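A.B. asks: Use the sequences and the hints to build the structure in full.
Protein chains: 2
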Amino acid sequence: MLRVEAMAIGDELLDGRLSDTNGARLARELGARGVRLRRVSIVPDVLEDIIAALNAAAERSDVIICSGGLGPTDDDRTRQAAAGWLGVGLERSQESLDGIVARFAAVGMKITPNNERQADFPAGARILETVVGTAPGFMCEHPSGMRAFFLPGVPREYDWFLSTHVMPIILPDVDQTLARETIKVFGIGESAAEHALGGLELPEGLVLGYRAHFPEIHLTLTAWGMEGDEGQQLVQSARQMILSRLGRFMIAEGRQTLPERVGLRLKEAGATVSTAESCTGGMMATMMTSVAGSSAWFNEAYVTYSNDAKSRLVGVDPALIEANGAVSRPVVVEMARGAAAAAGASYAIAASGIAGPGGGTPTKPVGTVDVAVHSPQGTYYRPLGMRAYWGRERIRQVTAHHGLALLLKILEGRVGDDPKVVGPLGEGEQ
Amino acid sequence: MLRVEAMAIGDELLDGRLSDTNGARLARELGARGVRLRRVSIVPDVLEDIIAALNAAAERSDVIICSGGLGPTDDDRTRQAAAGWLGVGLERSQESLDGIVARFAAVGMKITPNNERQADFPAGARILETVVGTAPGFMCEHPSGMRAFFLPGVPREYDWFLSTHVMPIILPDVDQTLARETIKVFGIGESAAEHALGGLELPEGLVLGYRAHFPEIHLTLTAWGMEGDEGQQLVQSARQMILSRLGRFMIAEGRQTLPERVGLRLKEAGATVSTAESCTGGMMATMMTSVAGSSAWFNEAYVTYSNDAKSRLVGVDPALIEANGAVSRPVVVEMARGAAAAAGASYAIAASGIAGPGGGTPTKPVGTVDVAVHSPQGTYYRPLGMRAYWGRERIRQVTAHHGLALLLKILEGRVGDDPKVVGPLGEGEQ
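Protein chains in written order, with our numbering: chain Z, 1 to 430; chain A, 431 to 860.
Quick caveat, the hints were computed from the structure, so don't treat them as lab data.
All of these numbers come straight from a predicted model, not from anything done at the bench.
Mixed in with the good hints there might be a few duds.
Computed cross-link-like contacts, DSS-like style, restricted to lysine-lysine with a CA-CA straight-line distance of at most 27 Å [what the hints assert, rightly or not]: (1) A:K794 with Z:K110; (2) A:K850 with Z:K110; (3) A:K794 with A:K850; (4) Z:K364 with Z:K420.
C.D. replies: Written out as structure tokens, the structure is:
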């Protein structure tokens, strides 16, 4: 089997500022093609460290894929290290330079002398041109026979180089047309999802991967190197098996996002949605409007942070807040109803809760959040009990996800699958 | 400085099933204590690979912290590898075995022979007992002098071992001489920032790092291992030099975020803020309410996506929209004024633009966005011309950042530094 390893280069990956995700990306891409990565190394922007790591790799691997350190600034040392390792000089490629200048010009920017260095490559390197960023990558062959790829560290650019340049070179014979399906679940943890799928007998040749994509878990089914439709059929049958166990947590599939799926369902129904947000502070509206074309089903929304705003903007009776507190079932139910009425929308999501770090009480600790969705069939309510140690931002993100997931399940007629949902509540019911 | 590296062990980290997060965790923990990790390696559950990696580490580091491969199953090889590396045998610890049996009994489970192996340790190892999982960790000292820690790979357990066992042993008196300052700039690219700082003569011993943290660039000044206040003084003088060149792009310093700095200034002024958001769809309100305690200066905000919402919620004259279009200076200026009036707030930010991918015209292409801030001194306006290829989400994020940055500069009396800002416009001026 082809011996492949990865190296990520950058001080920021070793001092706590940033995490490398490219190693895991490469592992997934290779794993899907039946190749297990042999090693991942993360090294600092130090010439000797990069060279030593390249030399060690040359003793055990056929291919190394390096990322990072190709930027325009002085602390980016990868191109010097590659040249030093190979014992050659750096040469400027006029063609690459022209390309960099053109890409800058296209966005109305002028190139700086620093950027010009991005057209320098070790003598004899194969230049890997880019259309997704400014820096080209390159490939060199070491006297040991190891091929070394040097790619930008930015994940979006790295991904593009992997599929466009690297895979076709290192695995020319592997069927690059994989069968793959992603099931996105929310409201269940990674190990609970794994536990729920325990004993599931997947057909030979299928790989099931778990990936945390906070606050979602993405399950990826991959079949590689199969004839004709066989891979696709296996993936689809496994997908059904997984959905039969975890379907109630499913909030999207494939490349679709949760807000995109919500938007699609609203569009199909000819419906519109609004929000009334306290602890989420506009996050649910932001998610909705992340969808291109959302103006077809989204007109307006309300951030009702203060009690006064809850009354003035979405008509919650101040006495109701006084009696129950702003974080309570009656208040969030009225917020959802009031938002739908004020916006003239068919649906509205409301959220009110204690995101912390302050504001918790013994009966309503930090993480106590109420979510409600008003719909033409009535109003649905769901309490959320989160943990204070998650922190303010995670509590807000999970809350916003619950709001949209609740709306989606109502739109898809599967809200009954969630035992924690109360409703539909009729007019006046709280 | 203590030379520390990390090794994560496990096939599942190299075939795409799981990502290692322990390396990044350790980097953060050490980084906070002024120590930069020297390397992270991820190796498979292969005896020879683990031993080779341990030997290589012993040549360059004082401490290695290994995680994973301590489980009960056959494919977990870490304890054998550690013993093989040290040239000693494995010995069973009766005390550890009793602990494992007791922890299993406490959760009503019976121990299997496989689990008993978790009480085996290389002869002479220091056993690190656990209260958070089943497997104890251990520490060995290699003849080279390197200390090697072997910890479970489960992140929750790994964290616990790090703080309970590892840090107190390797950093008994943490080096306090680290001096660090971060300057966060926005509205300038990474290479333009470096270009602007070209020729800046930083004192010996100071390191200047650039990190893209979209849409901000973070400049980090670090001085290592200096006596007394020397490091702090050097960092502060370099900070002044950088601010003299890039000060107008500075939107926060240190751990503070842009919304936190905006909130602090509002609090100092006893002022409040609201927003009227079209293309950002609530993102600016979400940023504001990300700040703990934001209820002191934030009460409510409006997502005015449709033209009708712009008129009904924040009082923009429909004729003005008809005459100028929703993305225009007069409309965004009125949105800001109207939001402040409707919310009874001292300040209000408004944004209206074409985030794409659809909706562009030859005169107003995708990326055309208008931002305004109403203040007690009048209303300020800033046009933004972004590029369609940035994509919808980036255009929205940059817009939201511009909105908060404009407010910050008004609050700090430095809005005049931005040549693209128009204002203050008096009542009726558009």
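A.B. asks: Taking the hints in turn, state whether each one holds.
C.D. replies: Now the hints, each set against the structure:
| no. | hint | result |
| --- | --- | --- |
| 1 | A:K794 with Z:K110 | holds (23 Å) |
| 2 | A:K850 with Z:K110 | holds (19 Å) |
| 3 | A:K794 with A:K850 | holds (18 Å) |
| 4 | Z:K364 with Z:K420 | holds (18 Å) |
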